[in-house]
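Assemble the whole structure, with the sequences as input and the hints as a guide.
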Amino acid sequence: MRSVSIIGIEMTNFGRLEKSFKEIAAEACVGAMQDAQVPPKQIEEFVLGNFSSGTLVQQETIAPAISNSIGLPRIPATKVEGACASGGIALRYGYQMVANGLRDFVLVAGLEKMTAVSTPKATETLIEAEDREIEGRTGLTFPGFFALVTNRYSQRFGTTREEIAQVSVKNRRYGAKNPKAQFRKEVTIDDVINSRLIADPLRLLDCCAISDGAAAAVLCPTEIARKFSKEPVEVIGISQVTGRGAAFEYEDLTGFDSTKLAAEQAMRMARVSTKDIDVLELHDCFTIAEIVASEDLGFFTKGTGAKALQEGQTEIGGKIPINPSGGLLSKGHPIGATGIGQVYEVVQQLRGSAENQVSDAEIGMAHNFGATGTVCVVSILKR
Amino acid sequence: MAVSYWRERDRYYRILGSKCQNCSAEFFPPLYRCRKCGSDKLSDHEMPQEGQILAYTLLRDPMTGFEDHDPMPIALIELNNGVRIVAQLADTPIDQITVGSKVRAVFRRVRVNGPNGQIFYGYKFAIKNEKVNLTR
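Protein chains in written order, with the numbering used here: chain A, 1 to 383; chain B, 1 to 136.
Hint data in this document are derived by calculation from the structure and do not stem from the laboratory. Remember, predicted model here, so these are calculated numbers, not experimental data. Think of the CB as a built atom: it goes at the ideal place given N, C-alpha and C, for glycine as much as any other residue. Do not take every clue at face value.
What the hints assert, rightly or not - Cut-off 30 Å, straight-line C-alpha distance, at most; resulting in silico cross-link-like pairs (DSS-like, lysine-lysine):
# : chain 1 : residue 1 : chain 2 : residue 2
1 : A       : Lys121    : A       : Lys19
2 : A       : Lys230    : A       : Lys177
3 : A       : Lys302    : B       : Lys36
4 : A       : Lys302    : B       : Lys102
5 : A       : Lys275    : A       : Lys302
6 : A       : Lys22     : A       : Lys41
Claimed, not checked - Some, not all, of what chain A presents toward chain B, calculated at C-beta under 7 Å:
# : residue
7 : Gly136
8 : Gly139
9 : Ala147
Claimed, not checked - If you only want the chain A side, here are some residues facing chain B, beta carbon under 10 Å, derived:
#  : residue
10 : Asn151
11 : Pro221
12 : Ile224
13 : Gly255
Printed below as a string of structure tokens:
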């Protein structure tokens, strides 16, 4: 196995973009190739993470459609899908190709264009990532699923509504400084707990938004990375785990075994432990998801994530800075793009060019969580 | 959708799952290989129709086809055999829903005007009320 590095990366603004899916994808892909200073003819393969282009923009066979539009004809162009973890999966497939010596230069990207359909249609499309046959049929939505998680978690650990709201307050404070984020306005605890109810007890400001966006990265063997980039970032660990496809499959909804296992495997591969991680981009699709995952990833013991948050342990300067980019709650969540978007934020941190910089960050982690924990990808990057 | 719904009707009408002939583990929805012991000897098995609420939420602005119920109560239920199921709650004032409430399955209209204009029926659950029998 060869060591693999990211030599170029780009992310579009996230939000309601007045651009077509091809324009959005092209902005990220062309930007990543420029950042890497790799000419298109050198790219040997293209892997695209995307959730539901067929429904959301009426375009299937979307990877070749994009590949052809960005000057990469003929090379294999393949879409991979795992709901909100589609971007992370794309990174992992690209990683494997380079690590195994099959390819030297692979472009990986994530894309979703969600605002071309109505919000109810987007919500309905999203639940197709759940066990549609049984649980999707009941009318359960993703806010509903995470509301059940919140309900179970609060029962078990006595966590209060205000404590959970603090996730949104922290992330929106960081997001206010991220020029690519969808929401750049700080919010207070009162704003969160008085916002519109979505699925009790979760409210609007507990939930990430429906967004458009794309992100892309160029991978190559580490041994030649410095010929292209002054600041390559090495992928030292990456793991993808299949978890459970619906709420009813969990013995206990207060944790997700796919996150736990993916983190363990990625850290073992990278030969690091949680104390070596300087910065973490975590899949905060809902406020409760950040508390739960901060425990599942191994940074805090089960039931103490909310307390750690209140103590500032997940802020810059704390034990583990979580989502200094603003996370999904601020940035928005273009489903297929999010995984690579998180990697973009970690790379900015490791290059020392992030808006909310963690001083001297050397090792970063990205946690990309799909559906009900059905897919989880954890990546560890090192400068 | 109509054809697939018809194919799955036993699940939705009778909560038909599987039982492993080797280790007796029960599952819903049906499985094709036992998740506990790996055996492929599974038979159809109806789930018990009673259980209790483990967690619940009230969905606001429900999806297309569910607009009749706003808010729409939905719960994670543990059936009396330990199998879990997510279902809408019916026949129950929302202020009476609590974790730990005993519930029983009822047969109800689940979704109106699906993608092809059909009406889908199936299980929901109602909180058991000792004084008034809501189902019969």
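Hint by hint, here is what the structure shows:
no.: 1; hint: A:Lys121 - A:Lys19; in the structure: holds, 19 Å
no.: 2; hint: A:Lys230 - A:Lys177; in the structure: holds, 26 Å
no.: 3; hint: A:Lys302 - B:Lys36; in the structure: holds, 25 Å
no.: 4; hint: A:Lys302 - B:Lys102; in the structure: holds, 28 Å
no.: 5; hint: A:Lys275 - A:Lys302; in the structure: holds, 17 Å
no.: 6; hint: A:Lys22 - A:Lys41; in the structure: holds, 20 Å
no.: 7; hint: Gly136; in the structure: violated, 9 Å
no.: 8; hint: Gly139; in the structure: holds, 4 Å
no.: 9; hint: Ala147; in the structure: holds, 4 Å
no.: 10; hint: Asn151; in the structure: holds, 4 Å
no.: 11; hint: Pro221; in the structure: violated, 40 Å
no.: 12; hint: Ile224; in the structure: violated, 46 Å
no.: 13; hint: Gly255; in the structure: violated, 14 Å
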